[in-house]
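Starting from the given sequences, assemble the full structure and let the hints guide the process.
Spelled out from the first residue to the last, the chains are:
Number of protein chains: 2
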Amino acid sequence: MIKNTKVNAAILIIGNEILSGRTQDTNTSTIALWLNSIGVKVHEVRVIPDIQSTIIDTVNKLRKSNNYVFTTGGIGPTHDDITAESISKAFSLDYEIHKEAFKILEAYYKLGEFNESRQKMVWMPKNAKLILNPTSGAPGFSIENVFCLPGVPSILKSMLGGLKNQIVGGEPILSHTISLQTVESEIAESLTNVQNKNKDVEIGSYPFFQAGKLGVSIVIRSEDKFKIDVCSSQILDFINKKKIEVVDR
Amino acid sequence: MIKNTKVNAAILIIGNEILSGRTQDTNTSTIALWLNSIGVKVHEVRVIPDIQSTIIDTVNKLRKSNNYVFTTGGIGPTHDDITAESISKAFSLDYEIHKEAFKILEAYYKLGEFNESRQKMVWMPKNAKLILNPTSGAPGFSIENVFCLPGVPSILKSMLGGLKNQIVGGEPILSHTISLQTVESEIAESLTNVQNKNKDVEIGSYPFFQAGKLGVSIVIRSEDKFKIDVCSSQILDFINKKKIEVVDR
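The listed protein sequences derive, respectively, from chains A and B.
Heads up, the first sequence is in the numbering used here, so the first residue is 1 and it goes up one at a time.
Heads up, the second sequence is in the numbering used here, so the first residue is 1001 and it goes up one at a time.
Honestly, the hints are just simulated from the structure, not real lab data.
A couple of the hints might just be wrong.
Claimed, not checked - Here are the in silico distance ranges between beta carbons for each label pair: (1) 1164(B) x 240(A): 43 to 51 Å; (2) 1211(B) x 214(A): 36 to 44 Å; (3) 96(A) x 1065(B): 53 to 61 Å; (4) 1119(B) x 175(A): 27 to 35 Å; (5) 6(A) x 1110(B): 45 to 53 Å; (6) 130(A) x 1126(B): 50 to 58 Å; (7) 64(A) x 1126(B): 33 to 41 Å.
Stated by the list, open to error - Straight-line distance between alpha carbons at most 27 Å, and here's what the computed DSS-like set of lysine-lysine pairs gives: (8) 1110(B) x 89(A); (9) 1064(B) x 64(A); (10) 1103(B) x 213(A); (11) 110(A) x 1243(B); (12) 1110(B) x 213(A); (13) 1110(B) x 242(A).
Ideal Cβ positions, reconstructed from N, Cα and C, are used throughout, including at glycine.
Here it is, written out as structure tokens:
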């Protein structure tokens, strides 16, 4: 188990639609993969409802125990979009019109289309730093170590690239996967031995079904490619001895 | 916003593979939809790593603030499956062989196949109540209000049916969706008015892209069908006036 990671983050999904099961969250995976690639490890994800006091409490907890917090959802123009106001309160900052965001959206919309509802999207915590939105105009924002992104997956994805310079990561977290035509109980003991010999590498074992057959993916994660290679060869060693087939996945 | 719901639950996803982004969690949505149908509302979801102290702390927090807690993951035979031992510690219960689970798996496997690794799956908190597994033998378990399920989605799904009699829900939470060919800012003000007139109904607004067109789904949720109908007709009223098209989705 890797215990001492250098840079960590929490993801906070704000939205009743995820809690009701109506919408399948995909933003966690998008953000986590991107963070891994720049050396930031996600320690925790929380999904909470659109309730102001819950957002305030949760943001205040997470921003103290993580290097970065990423929120998704609740920054649109409707009554259930309460993230920006809640974040303002969490930081005890005024909730006000962000002049730069106003100019961006004024230019983005046709004359007369930048109505009062849309203007709600430029209300932010005082001195928020904008996260530009190349897809649909309305920017996200950050305050200190908290980054607020929209809930719509395609828009969120398009905004991550512009964030890169604002996040200082550690060594990228590397991973190597070995997929096998076997069941976990056939390899459990040998895999435990490998884990015990390589305590600072994270080794996960994940069963899967593919084309009607059972399999197991072993995932080795570390910031150090050499350590991954060592583990990997120890694993290949025992699966060769056991005559277990490696499969593509 | 519905604030006073009768029966609530938290979902606790245990697994490094979700935090790394490698695996897309689908169990949240599966469990939440099922719980809604039996009148239990999910208040919170957390995803945490395979670290014993984190599991213990989180379970102990969630089980006090929710009627039910559902965990997924970490009950298989490998070294990273530490849920049962962690739950034992959270409840200060002995972690021991569950005799009934032992008999089930002894009968499930062919002679000689119920090896030491597989036997790990029958170690549980003392006096755990089994959750039967019609797919792959190895049962989940519950202790008080905490229900521990596997991480593999197809197996988890097959086990929910058997749980129904162990969960006492409130009124089922009903929902009605109206999907529109419009953008949120066109309806935001009118929708706020409807929400203000119906404070105990939860109204969500969710933008979507479909066939290259922008749309908005309005989701109305309540335990009271009449209240949903009232909201619905108020919403249809303003969208008719605005000549906005209702679409299938």
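Right, here's what the structure says about each hint:
1. One distance hint, 43 to 51 Å for the beta-carbon pair residue 1164(B) and residue 240(A), holds here, with the actual separation near 46 Å.
2. Checked against the hint of 36 to 44 Å, the pair residue 1211(B) and residue 214(A) passes, with Cβ atoms roughly 38 Å apart.
3. Hint check: residue 96(A) to residue 1065(B), Cβ distance near 34 Å, so the stated range 53 to 61 Å is violated.
4. Hint check: residue 1119(B) to residue 175(A), Cβ distance near 30 Å, so the stated range 27 to 35 Å holds.
5. Taking the beta carbon of each, residue 6(A) and residue 1110(B) are about 48 Å apart, inside 45 to 53 Å as hinted.
6. For residue 130(A) paired with residue 1126(B), a C-beta distance near 55 Å keeps the hint of 50 to 58 Å intact.
7. About 37 Å separates the C-beta atoms of residue 64(A) and residue 1126(B), a value consistent with the hinted range of 33 to 41 Å.
8. Using a Cα cut-off of 27 Å, the hinted pair residue 1110(B) and residue 89(A) is violated, with the two alpha carbons roughly 61 Å apart.
9. For the given pair, residue 1064(B) sits about 23 Å from residue 64(A) by alpha-carbon distance, which is consistent with the 27 Å threshold.
10. Restraint check for residue 1103(B) and residue 213(A): the C-alpha separation of about 26 Å stays at or below 27 Å, so the hint holds.
11. For the suggested pair residue 110(A) and residue 1243(B), the alpha carbons sit about 20 Å apart, so the restraint of at most 27 Å is met.
12. Under the criterion of a C-alpha separation no larger than 27 Å, the hint pairing residue 1110(B) with residue 213(A) is consistent with the structure, at around 18 Å.
13. A distance of roughly 19 Å separates the Cα atoms of residue 1110(B) and residue 242(A); the hinted pair therefore holds under the 27 Å criterion.
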